[in-house]
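Model the placement of chain E on the given structure of chain B, informed by the hints.
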Amino acid sequence: MLSIQHLNVEFSGKLAVRDTSFSVEPGESFGLVGESGSGKSTILRTVMGLNANWNGSISVDGLDVRKTPRKQLAKVVQMVFQDPYSSLHPRYVIGQQIAEPMKINGIANPERRTAELLELIGLGAKFQFRFPHELSGGQRQRVAIARALALNPKLLLLDEPTSALDVSIQAEILNLLNRLRKELGLTFVIVSHDLAVISYMCERLMVMRNAQPVETLTREQLRSGAIAEDYTKALIAAA
Amino acid sequence: MSALVEIENLRVAFRNDDGGYNDAVRGVSLTLGREKLGIVGESGSGKSLTGRALLGVLPPYARISVDTMAFDGIDLKSASPKLRRSLRGGRMGMILQDPKFSLNPVMTVGKQIVEAIRIGDRRISGSDARKKALGILEAVHIREPERVFSLYPHELSGGMGQRVMIGMMVVREPDLLIADEPTSALDVTVRTQVLSILDELVTRRGMGLIFISHDLNLVSKFCDRVIVMYAGRIVESIEASRLSEATHPYTRGLLSCLPQIDGSLEPLPVLNRDASWAGAA
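Same order as they appear, the protein sequences are chains B and E.
Counting in my numbering, the first sequence runs from 95 upward without gaps.
Counting in my numbering, the second sequence runs from 45 upward without gaps.
The set of hints was computed from the structure by calculation and includes no laboratory data.
Among the hints, erroneous ones may be present.
[Stated by the list, open to error] Taking beta-carbon pairs under 10 Å as the criterion, some of the chain B residues facing chain E (in silico):
1. 231
2. 260
3. 262
4. 264
5. 266
6. 269
7. 291
8. 294
Here the structure is a predicted model, which means the values were calculated and not measured.
Note that beta-carbon positions come from the ideal geometry of N, C-alpha and C, so glycine has one too.
So here's chain B without its partners, still in its complex pose:
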């Protein structure tokens, strides 16, 4: 579903991601863990075309990210950002935000689909006339997820989807994401600094440090402690 080979991302002369390769199978949930500045969010943003200065190859569902027009790519991969307080337009009502990608892509009957999406993520169609400031953080993150699902993507990139939320709300969002993955057959790439969240959500994970991958583990390896690198052990000890 996602294949990244020898990716280097540069910010003003400094490498933010260095020679990183991994691939994610269809239907899989893959985690990226590491400290801030280790390059995990940068990878997601590069896949979405939000960084210009990179080399290597990225393909999503067989499409070369560099050669595929944005509109076409947007139908395959979508991203949910960390902070639901800044990722929604403050002066658009919820329905407008969710319908916008569908209108851009000329999808028929966006109003009906918006209502369906709001039901799907557990808010209900009556929410479409509210503004973001009338919603709690957890509700906003649900809206951001609904918007990401509007074009029926196959791959969802989730950048710290719950770290701005209370633990009780985090549980609700994680349950929602797992249900959606099962129902819609989605593939996830989740960035988090919380190993417990990654262990709960992902079948495989990659630990990153200083712009480079440290090691890739399966959930079973993480749980049984079959870990090769000291850095990963330190992360688990500190969690």
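What follows is chain E alone, placed relative to chain B:
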């Protein structure tokens, strides 16, 4: 252990659209010695407001009432704004959650720390203040203090900004530090370092620390005592080491909805809020 802080029956209310008042903090009482007290609860539970009321930095439109509020023998209830102002910074400090909004964006971080030092000690020379500022940056584990000294807040990562702010508060060595989610923007590895700085201040200097957080695991490991707040009230107060034995259903709910590295993969239990938890006002 003499009480550093005493609060009896604190209430904070905000005016609503109908002209009435909504209570945000409803009768909170607590005492703090020279120890680490954790306050946990969800957003909106009143934990930050309690800290701010103690410091005296609530907005003027907040309605505050309290039976007793004392800090190290000083009655804060009758204290003049001038006295309270003189306590802030030097004797009571506060670390805020988000360095993006709490540092001056048009001033280098070094200058901001020097300013804090010089407000406390007007006679200190420029070069001594600078030395002290560099020292504190090093103490909060900033790798290149000389370079960071001349950076602006937007040039710092979240974790670095947070450490700068902690440094700025700690440099005055206050008797009471209120830390409002001080580590939620930090990585686990840096978090451990920051906590050890705070811990050292408590044990070495006998500072009192109020640690506001929503991270139960962290609070149970780091603090001595934990207060759990829900809807503006304290629902449970327990020794941190015995948090896993907490009895209130709200505390239990918060504990069980956390995923564990080796936990079950079944859907996480979510909190079913019981109206009785909020209790009578």
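Checked hints:
1. Interface hint at residue 231(B): satisfied, since its Cβ lies 7 Å from the closest Cβ of chain E, which is below the 10 Å cut-off.
2. With a cut of 10 Å, the hint placing residue 260(B) at the interface with chain E holds, because the nearest CB-to-CB distance is about 4 Å.
3. The interface hint given for residue 262(B) holds, since its Cβ lies 4 Å from the closest Cβ of chain E, which is under the 10 Å cut-off.
4. Interface restraint check for residue 264(B): the shortest CB-CB distance to chain E comes to about 7 Å, inside 10 Å, so the restraint holds.
5. The criterion of a C-beta within 10 Å of any C-beta in chain E is met by residue 266(B), whose closest approach is roughly 5 Å, and the hint holds.
6. With 10 Å as the threshold, the beta carbon of residue 269(B) comes within range of chain E, its nearest partner Cβ sitting at about 5 Å, so the hint holds.
7. Checking residue 291(B) against chain E: minimum C-beta separation of about 6 Å stays under 10 Å; hint holds.
8. Annotation: interface hint on residue 294(B) holds; nearest CB of chain E at approximately 4 Å, less than 10 Å.
In this structure, every one of the numbered hints holds.
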